[in-house]
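Take the sequences, apply the hints, and build the full model.
Quick mapping for you: the protein sequence lines, in order, are chains A and B. Quick note: the first sequence uses full-length UniProt numbering, first residue 1, plus one each step. Quick note: the second sequence uses full-length UniProt numbering, first residue 1, plus one each step.
Honestly, I wouldn't trust all of these hints.
Copies of the same chain are indistinguishable here, so a pair counts whether it falls within one copy or spans any two.
The list that follows gives simulated cross-link-like pairs (lysine to aspartate or glutamate, EDC-like), each with its CA atoms no further than 20 Å apart [as the list claims (entries may be wrong)]:
#1 K62 / E162
#2 K62 / E180
#3 K82 / E71
#4 K62 / D179
#5 K62 / D52
#6 K62 / E163
#7 K57 / D136
#8 K62 / D186
#9 K62 / E178
#10 K139 / D189
#11 K82 / E180
#12 K82 / D127
#13 K82 / E178
#14 K57 / D69
#15 K139 / D52
#16 K82 / D193
What the hints contain is simulated information worked out from the structure, not anything from laboratory work.
Number of protein chains: 2
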Amino acid sequence: MTRPQMDFWFEFASTYSYLSVMRLPARAAEAGITVRWRPFLLGPIFAAQGWDTSPFKIYAAKGNYMWRDMERRCAARGLTFKRSNTMPQHSVLAARTAQLALEHPQGIAFCQNVYLMQFAEGLNIADRSVIAACLDAAKLPPDLIDQAQADANKHRLRDTTEEAMRRGIFGAPSFTVEDELFWGDDQLDTALDWAQRHAA
Amino acid sequence: MTRPQMDFWFEFASTYSYLSVMRLPARAAEAGITVRWRPFLLGPIFAAQGWDTSPFKIYAAKGNYMWRDMERRCAARGLTFKRSNTMPQHSVLAARTAQLALEHPQGIAFCQNVYLMQFAEGLNIADRSVIAACLDAAKLPPDLIDQAQADANKHRLRDTTEEAMRRGIFGAPSFTVEDELFWGDDQLDTALDWAQRHAA
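Quick look at the structure:
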């Protein structure tokens, strides 16, 4: 029997992705699920439905709710969380670098570092020095940042984002098990459970 | 010590409200929380943010996801669920009648009947005979439908909807414990837990 698999779709600018990025590795290990980490960009997906920024900026009530909800959830999990005025941050540099980082075992630590820098430390992840510090803390080579600017790597991020759209993904975090889509950190355990029960 | 309290905000046209309406009574009783059931209308709230119908109609990816997600959730809970082409249904008659029904102990059964008619049976809750059947099955007087058309009762629904908006409610189901807002059936237990821990 093959080990059950799941794809994890996350966007570095997404607050709720922070929650899943921090807890998924331990939960997936417990559940015995192999997870493919797939950074993508929500910007083009939002643009396709007529939004020029995050729905949390466009719809004030949703935005106000999200900040308070994130505060409560992070407090309950012992995660530091700072509200930020610059939301959403530009996440392209982080996503491109993550694609290469995730080819190494320390890639997950890199991703977690980026979320901590942004949401616990309040730093700007569009800043090259912040991404460099995240690589360094994960003991990954600093030149991944430059390698990440190669055309093939840029195209890969575009392809992943197009695949997300084709799969009907409209927010982050999302989880897919074959054609089944689960949206939101609240659905993380449901998705793992689905992967277990529907393993080939 | 006063018994902990929570307000439960639901919209009769809302698929996810069905999930909470069916399970909240048992969960709240277990948790020892007194719940005030507050039917309201999402239409005016959506209109205020520029939507002329449900976001599940406006944003196809969200809509497709919702139907599949509801199917999975209902299957997991043993609830019958039918996809419908007429979404969202007109819920004003149901909401106005519910306000009066909820003054009786059988009010919750009435509300559950309305959701079952709509989402398990595929019937139209804007139809007077459907609402009459829901009253009858809950052993409530049939003339509540006519009483529900009184101006004072109409104004009450408008006032509740305005209060929902002032509280920052943007979707259903929602739960409030004093000024804390929780959105979505996924947050039902979190809201009950909050009510317990923050009881006066």
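Structure-based check of all given hints:
no. : hint        : verdict
1   : K62 / E162  : between (26 Å within a copy, 17 Å between copies)
2   : K62 / E180  : between (26 Å within a copy, 14 Å between copies)
3   : K82 / E71   : within (8 Å within a copy, 36 Å between copies)
4   : K62 / D179  : between (28 Å within a copy, 15 Å between copies)
5   : K62 / D52   : both (16 Å within a copy, 18 Å between copies)
6   : K62 / E163  : between (27 Å within a copy, 16 Å between copies)
7   : K57 / D136  : neither (33 Å within a copy, 46 Å between copies)
8   : K62 / D186  : both (17 Å within a copy, 16 Å between copies)
9   : K62 / E178  : between (30 Å within a copy, 19 Å between copies)
10  : K139 / D189 : neither (30 Å within a copy, 40 Å between copies)
11  : K82 / E180  : between (33 Å within a copy, 19 Å between copies)
12  : K82 / D127  : within (18 Å within a copy, 49 Å between copies)
13  : K82 / E178  : neither (35 Å within a copy, 24 Å between copies)
14  : K57 / D69   : within (15 Å within a copy, 26 Å between copies)
15  : K139 / D52  : neither (36 Å within a copy, 52 Å between copies)
16  : K82 / D193  : neither (31 Å within a copy, 24 Å between copies)
The structure does not agree with the numbered hints 7, 10, 13, 15, 16 stated previously, though it agrees with the rest.
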